[in-house]
Amino acid sequence: MSSVAGKTVVITGSSRGVGADTAKILAGEGANVVVNYRQKAPRANKVVKEITEAGGHAIAVQADITDAESRAGLFRAAVDEFGGVDVLILNASGGMETEMGEDYALRLNRDAQNDTLTEALRTLPQGGRVVFVTSHQAHFINDVETMPEYEAVAKSKRAGEDTLTARVSELQDKGIGFVVVSADMIEGTVTATLLNRARPGALDERREAAGKLYTVHEFAREIAAMVTADVPTGHVELVGGAEDFLAQAGR
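Start counting the sequence shown at 1; every next residue gets the next number (the UniProt record's numbering).
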């Protein structure tokens, strides 16, 4: 895919933060964007309003990707509005919530990612692309320890990445690209804020180790770039601050 102009992009968890900025960037490049949210309709509608007022095309669709009927509705809305889906960005993640059940991290970060891909394959055409968004803390968790407060989430996100990567040959057979985009802690995100609250100084430690932490917008630009990047299926794009992770992992 050389351009997103006229293509339809579904972005899970895109009512705020990195997902919202990714939606705005891709809409600015001419994509039709489906802004997915689980609960906060006003936030999603605000993102859509900003996109449409700038001359772009977007809709907000409520869907909990851990629920089968909800997932199907997400893609059905995209097809009804824009005629199809060309790109899926798996941005939604979580697991630090205390009220969602102790298995929520795995249900969301592994099972729901895989099930959302399965649903998307009913619609994605040859030449389409799937982008999975993760963190260095999760990508390297098998080799590099992370903060205890984040370990369960990191392991669940790595499990999700492994499950999706195991489907690369299936995707190749269908002519669909798959890319992983991983970054260090991101300034201003909910996860970074929660971790820094649980372990004061965590952000400062990562800034020192990485040299620089990306902002929400900077990471969103990297994700948007991977939608059309000329990379092989299964490529992992390590965005900033990965050198110390690579060194600790012995790579």
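Treat the hints with care, since some could be wrong.
Unchecked claim - Beta-carbon label-pair distances, calculated as ranges:
hint	residue 1	residue 2	range
1	V236	S3	36 to 44 angstroms
2	E151	R207	15 to 23 angstroms
3	D80	D173	42 to 50 angstroms
4	G250	D80	45 to 53 angstroms
5	Q248	E170	28 to 36 angstroms
Because the hints were derived from the structure by calculation, they are not lab data.
C-beta atoms are modelled at their ideal positions from N, C-alpha and C, and glycine is treated no differently.
Can you give the numbers of the hints that this structure goes against, from lowest to highest?
Of the numbered hints given earlier, those the structure breaks are 1, 3, listed in rising order.
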